[in-house]
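Below, each chain spelled out in residue letters.
There are 2 protein chains.
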Amino acid sequence: MTIVITAWDRSPDGGMGLARDTRVRWALEEVGRPYEVRLVSLQSKQQPEHLRLHPFGLIPTYEEGELALFESGAIVLYIAEHHAGLFSDDAHARARAISWMFAAVNTVEPPILELVTAKFSEGDKPWAAERLPLVKDRIRDRMIQLSARLGDADWLDDVFSAGDLMMVSVLLRLRPSGLLDEFPTLAAYVARGEARPAYKRAFAAQLAINQRP
Amino acid sequence: MTIVITAWDRSPDGGMGLARDTRVRWALEEVGRPYEVRLVSLQSKQQPEHLRLHPFGLIPTYEEGELALFESGAIVLYIAEHHAGLFSDDAHARARAISWMFAAVNTVEPPILELVTAKFSEGDKPWAAERLPLVKDRIRDRMIQLSARLGDADWLDDVFSAGDLMMVSVLLRLRPSGLLDEFPTLAAYVARGEARPAYKRAFAAQLAINQRP
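Sequence order for the protein chains is H and D. Taken in order, the first sequence gives residues 1 to 213; the numbers are from UniProt numbering. Taken in order, the second sequence gives residues 1 to 213; the numbers are from UniProt numbering.
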């Protein structure tokens with residue numbers, strides 16, 4: 001059955017790959033599954049037909065026959081469960097990869113989302129400059145611990161998994177701020193993710209949409 | 001095999017059930033599995049033996065024989081996959097429940113965590129009062145959409161699932177702020193969760209720890 005995902009018609013990042021459809025594209029490329037993309041505009045995201053698919057009017061969504069999913073983490077997990085390439089055959093390793101998927105979105109990403117909010121929603125507020133270092137320090141707390149855990153390993157749990165796919169995707173959001181480069185271990189980890197052929201194809205596909213006239 | 005989870009020796013909320021071990025206790029109670037608890041103090045959370053279990057020095061963790069997991073979302077998912085009671089037998093319904101689990105922790109919880117940070121980390125800052133309404137409005141945006149989606153249904157996808165367990169747990173964090181009661185549909189949804197016998201047992205167990213002398 002054909003897989004159809006949604007992505008922004010024009011991503012707010014202009015094609016840097018930070019919109020969450022990139023995570024799903026990457027997962028589909030890792031497992032070698034073709035997909036189609038339906039574009040959603042910022043104007044149409046609150047239309048009933050899109051809200052039926054995504055209750056919060058966001059992207060990505062995932063449709064395959066009768067199945068309709070939302071949330072990049074859930075979609076990546078579904079792809080990883082149904083195709084070889086993103087989860088180990090070992091049940092414990094698979095459960096640990098899911099721990100890392102949730103750590104990416106619920107422990108590492110929230111302080112990063114605060115930085116995004118501080119910049120784009122509160123960048124013009126009188127407290128913006130004084131508050132920014134506090135927000136960055138909360139991110140650094142997580143990065144110090146993640147960096148210590150990764151150590152000199154290539155991936156978080158031996159071999160590349162959906163856990164690394166999600167963590168690298170979350171960390172990529174830090175590059176514009178310069179925070180990623182403060183942690184050479186994590187910058188190299190992210191670079192290993194970006195060097196994967198599947199990531200390159202996913203990145204190129206979202207860039208092409210954002211660069212069309 | 002014995003299941004051992006970790007919880008705070010003294011929860012910062014004093015036993016209101018907002019610490020994340022409550023989510024795991026609730027899941028274990030729903031599926032009828034006994035468990036033991038190892039308490040972690042705020043002083044010992046950065047010790048190597050705890051960081052080995054939880055790379056970010058947080059709770060809960062989950063141990064069962066050789067298996068060691070962290071992140072409440074991942075642990076609840078593992079429990080739901082291995083015991084009846086939290087996932088439908090239907091594969092599509094199960095995948096949708098996982099969408100709601102990720103929506104709870106990655107779309108609904110991040111703005112709620114901002115409110116927690118605004119109160120406890122920045123409550124004494126000069127911008128605290130002026131910034132608070134902005135933080136609350138970002139939460140309301142999500143609540144409006146979640147409330148519209150739930151409508152007059154009891155649960156997010158027909159029958160109670162691990163998705164509801166996670167969403168109710170996240171929404172509970174809003175009660176102290178008064179924001180939950182602004183949305184009667186969601187307040188009633190949370191109350192349905194709290195009324196479940198399994199939730200009551202989980203809540204009582206964490207309260208007992210926090211109320212001991």
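Think of the hints as simulated: they come from the structure by calculation, not from any bench. Each hint should be verified, as a subset may be incorrect.
Since the list can't tell identical chains apart, any single copy or any two copies may satisfy a pair.
Straight-line alpha carbon distances no greater than 16 Å define the calculated EDC-like cross-link-like pairs of lysine to aspartate or glutamate that follow [to be verified]:
no.	residue 1	residue 2
1	K45	D141
2	K136	E122
3	K119	D13
4	K125	E49
5	K45	D9
6	K200	D157
7	K125	D9
8	K136	D181
9	K136	E182
10	K200	D181
11	K119	D9
12	K119	D152
13	K200	D90
14	K200	E66
Please name the hints from earlier in the document that this structure breaks, with their numbers sorted from lowest to highest. 4, 6, 7, 10, 11, 12, 13, 14
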